[in-house]
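Colleague: Okay, here's what each chain looks like letter by letter:
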Amino acid sequence: MCKCNCSSAGSDLKLLDGVLESYGGDKGNLITVLQKAQEIYGYIPTDVVYYIAEKMGSTPAKVMGVATFYTQFRLKPIGKYLIMLCKGTACHVNGSGEIEKAICKHLNIEDGGTTDDGLFSLKNVACLGCCSLSPVMMINGVAYGSLTPDKAVGILEDLKKEAAE
Amino acid sequence: MKIVVGQGSCGIAAGAEQVYNSISAAMADSDSFTLGITGCIGMCYLEPIVDIYDGDALVKRLVRVAAKDGEVIVSAVRSGDLSALSALEISEEDEQFLGLQTRIALRNCGLIDPNDIEAYIARGGYEAIKKALSDMSPEGVIEEIKVSGLAGRGGAGFPTWFKWNAARSNAGEKKYLICNADEGDPGAFMDRAVIESDPHNLIEGMLIGAYAIGASEAVVYVRAEYPLAITRLEEAIKQAEKKGYLGDNIFGSDFSCRMRIKAGAGAFVCGEETALIESLEGKRGMPRLKPPFPAQRGYNDMPSNINNVETFANVAWIILNGGAAFSAMGTENSKGTKVFALTGKIKRGGLVEVPMGKTLRHVIFDIGGGVRNGRSFKAVQMGGPSGGCLPESLLDTVIDYKILGATGAIMGSGGMVVMDDRTCMVNMARFFLDFTTKESCGKCVHCRIGTKRMYEVLTRITEGKGKEGDIELLEELCMGIKDGALCGLGQTAPNPVLTAIRYFRDEYEAHINDKKCPAHQCTALISYEIDKEKCVGCSLCARNCPVGAIKGVVKQPYTIDNAACIKCGKCASLCRFGAARAV
Chain A
1 MCKCNCSSAG
11 SDLKLLDGVL
21 ESYGGDKGNL
31 ITVLQKAQEI
41 YGYIPTDVVY
51 YIAEKMGSTP
61 AKVMGVATFY
71 TQFRLKPIGK
81 YLIMLCKGTA
91 CHVNGSGEIE
101 KAICKHLNIE
111 DGGTTDDGLF
121 SLKNVACLGC
131 CSLSPVMMIN
141 GVAYGSLTPD
151 KAVGILEDLK
161 KEAAE
Chain B
166 MKIVVGQGSC
176 GIAAGAEQVY
186 NSISAAMADS
196 DSFTLGITGC
206 IGMCYLEPIV
216 DIYDGDALVK
226 RLVRVAAKDG
236 EVIVSAVRSG
246 DLSALSALEI
256 SEEDEQFLGL
266 QTRIALRNCG
276 LIDPNDIEAY
286 IARGGYEAIK
296 KALSDMSPEG
306 VIEEIKVSGL
316 AGRGGAGFPT
326 WFKWNAARSN
336 AGEKKYLICN
346 ADEGDPGAFM
356 DRAVIESDPH
366 NLIEGMLIGA
376 YAIGASEAVV
386 YVRAEYPLAI
396 TRLEEAIKQA
406 EKKGYLGDNI
416 FGSDFSCRMR
426 IKAGAGAFVC
436 GEETALIESL
446 EGKRGMPRLK
456 PPFPAQRGYN
466 DMPSNINNVE
476 TFANVAWIIL
486 NGGAAFSAMG
496 TENSKGTKVF
506 ALTGKIKRGG
516 LVEVPMGKTL
526 RHVIFDIGGG
536 VRNGRSFKAV
546 QMGGPSGGCL
556 PESLLDTVID
566 YKILGATGAI
576 MGSGGMVVMD
586 DRTCMVNMAR
596 FFLDFTTKES
606 CGKCVHCRIG
616 TKRMYEVLTR
626 ITEGKGKEGD
636 IELLEELCMG
646 IKDGALCGLG
656 QTAPNPVLTA
666 IRYFRDEYEA
676 HINDKKCPAH
686 QCTALISYEI
696 DKEKCVGCSL
706 CARNCPVGAI
716 KGVVKQPYTI
726 DNAACIKCGK
736 CASLCRFGAA
746 RAV
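Line by line, the protein sequences are chains A and B. For what it's worth, our numbering labels the leading residue of the first sequence as 1, then goes sequentially. For what it's worth, our numbering labels the leading residue of the second sequence as 166, then goes sequentially.
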């Protein structure tokens, strides 16, 4: 049972035991443990924070402090497709603002949000390092470059079709 | 013959994997030529790029290749007649992009297979560490680096030998060598390119550094956003271990060193060395008070030395060619070369390595080809959120730590974002403040709250609610943050605003006093109109206006109802006659 009174059935904490066995002995590995936990659960559930704290001899507050400091960690589940929209300087100069508007309007979500059907999550990121292809977004590890608002929406539509099939 | 497909992150994003697969599919078992990959060639704007080699000689470079070209390429190479590929061949003008560069840090990038240690060895790889271990004392290595004049390429430009010497002289039961590959500057990607394209060069540079300071453990702190770089470096470390170049008694000497990778988790401030150490120790990446400096008490409280990727990428070359050969290039204060990531509204964007002392104009116009789409140059942003925007009048500034610093911008890690006449400098400053408010770790009050207040003032100005005294208020806040912040992130956060006010003050005044945005970018300060003289009445704008604000009769000038207009700009972007426009 989750300890944050969210009434969820709780996460399967056993999945993390292998990771904690390999890395849990050294407090310096907390970030690595959180990264592995996110790979397993898709995000960092609260009961996992408590579990890591207990097993690594830390406190939930300290673990939570680290989890909230770094942008990579998510405390909520995400959709099937994670759209990482680059907001770096080169993308900004080349119109990433318009791309964001188009995506938000099309999916009816804002930065950090997930669509009701659980298909798409949007996250603005600092720089993906593909500046020459700006504006860029990366969806589940695949980069899409030289975007226009219409092209971005088209890509989302294609993914939606792909998911339906 | 050999076909080589460039597969850096940029190339892959542009479709290099599909190109590779289509070439591979078109090849037959009986073909005598081979197919391979290389890293980033640096001409990002021409990706995907395919090179055809005869032995070691490059005979054809094909650019903007698509997956459908696979068969044509294979059949041309098979027949030995490459003339069929002329449509894809790089132009002479584009060849200048590489021709005008001097490559040291990037010397192997785009030439070797990053996944193959033998390819690196064939180009003289691991000879420098061998030389250092057999012929040079650690002090001798530090002396050679001192002669070279190599300075930290991460931004601060601190002399590398000095840091190495400090870490060497401080006693500790264990010492660490750390590579800062947390390339967080938006618009900079040279470190990623080095790791993806020439990971063994980084490993060798780090080994030499570890030998010089007496470190037995080396850690590379890489941004989590660079998965390909992490994969390639992991593979390279494994290969080097297998060869005995990493581990115990390297090259039969009594020098032993192990190397590991630590993936960052996304925090710009972790590029600051003490914050990076905190992060390595599994904590929130908040900067420490200095002294003690990392060279005294760093990672795990042991003497540690931290250098940037590009700094290490120069080290093996210096040891092999001598410090004097390196310091022969550059200016009095800045030696060697510097890599820049040229992006933004530039015609030819990519990675550029030039000797120090060249002008910004040389990089942007001679190599980068100037501003694209026939627009005019307005500013170049140097050094990311810690740097500044320089106007056209400063284009003849030479690349030199001191001289660039005097303009208010900084060399930084080498991001160079070019902006054209349609970029609003107030909005640009606001963009950087948005970044710094989000990335401030929150430790120092001035940085945490001051940047937020600056962001609010800049937002107000772009929304047409600027007040008299706002410029002075911004300047005051800037000074407070510069004085009141502990680390480089905070101290330099005001730079984009200070340089924008210094060089583009009239634009700030136009926003505040006249409620106008000269670049026509701030929605609240512009309106759209149709020029009656130019409008031919084609109705394209009216048919596409999302709110039906454009009215008129075909073949007669149309008009915009400003009360209904939502300023989306669609009419201006669609109009083929330049009639619909922002004013």
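Simulated from the structure, these hints should not be mistaken for laboratory data. One or more hints might be untrue.
[As the list claims (entries may be wrong)] BS3-like, lysine-lysine: derived pairs with alpha carbons at most 27 angstroms apart:
1. A:LYS151 with B:LYS233
2. B:LYS167 with A:LYS123
3. B:LYS716 with A:LYS101
4. B:LYS311 with B:LYS296
5. B:LYS720 with B:LYS732
6. B:LYS408 with B:LYS295
7. A:LYS161 with B:LYS567
8. A:LYS123 with B:LYS617
9. A:LYS101 with B:LYS681
10. B:LYS295 with B:LYS407
11. B:LYS647 with B:LYS567
12. A:LYS123 with B:LYS567
13. B:LYS311 with B:LYS407
14. B:LYS697 with A:LYS27
15. B:LYS603 with A:LYS62
16. A:LYS80 with A:LYS55
17. A:LYS36 with B:LYS681
18. B:LYS630 with A:LYS62
19. A:LYS62 with B:LYS608
20. B:LYS233 with A:LYS27
21. B:LYS233 with B:LYS295
22. B:LYS408 with A:LYS151
23. A:LYS76 with B:LYS448
24. B:LYS608 with A:LYS101
25. B:LYS681 with B:LYS716
26. A:LYS14 with B:LYS448
Since the model is a prediction, treat every value here as computed from it, not as a measurement.
Colleague: LYS311 (chain B) and LYS296 (chain B) were given as a pair; does the straight-line alpha-carbon distance stay at or below 27 angstroms?
Modeller: holds (17 angstroms)
Colleague: Need the status of pair LYS123 (chain A), LYS567 (chain B): alpha-carbon distance at most 27 angstroms?
Modeller: violated (38 angstroms)
Colleague: Straight-line Cα separation of LYS233 (chain B) and LYS27 (chain A) no greater than 27 angstroms?
Modeller: violated (51 angstroms)
Colleague: Checking one constraint from the list: CA of LYS36 (chain A) to CA of LYS681 (chain B), max 27 angstroms. Satisfied?
Modeller: violated (51 angstroms)
Colleague: Keeping to a limit of 27 angstroms between CA atoms, is the pair of LYS647 (chain B) and LYS567 (chain B) held or broken?
Modeller: holds (19 angstroms)
Colleague: Holds or violated: LYS716 (chain B) with LYS101 (chain A), Cα cutoff 27 angstroms?
Modeller: Within the cut-off at roughly 26 angstroms; holds.
Colleague: Are LYS151 (chain A) and LYS233 (chain B) close enough, with their CA atoms no more than 27 angstroms apart?
Modeller: Holds. LYS151 (chain A) to LYS233 (chain B) sits at ~21 angstroms (cutoff 27 angstroms).
Colleague: Does LYS55 (chain A) sit within 27 angstroms of LYS80 (chain A), going by the straight-line distance between their CA atoms?
Modeller: violated (30 angstroms)
Colleague: Taken at face value, is the distance from the CA of LYS617 (chain B) to the CA of LYS123 (chain A) at most 27 angstroms?
Modeller: Measuring from Cα to Cα gives roughly 21 angstroms; hence the hint holds.
Colleague: Has the given pair, LYS76 (chain A) with LYS448 (chain B), been kept, meaning a C-alpha gap of at most 27 angstroms?
Modeller: Roughly 21 angstroms separates the two Cα atoms, so the pair holds.
Colleague: Checking one constraint from the list: CA of LYS233 (chain B) to CA of LYS295 (chain B), max 27 angstroms. Satisfied?
Modeller: violated (46 angstroms)
Colleague: Holds or violated: LYS14 (chain A) and LYS448 (chain B), Cα atoms, limit 27 angstroms.
Modeller: holds (25 angstroms)
Of the numbered hints listed earlier, those contradicted by the structure are 2, 7, 12, 13, 14, 16, 17, 18, 20, 21, 22 and 24.
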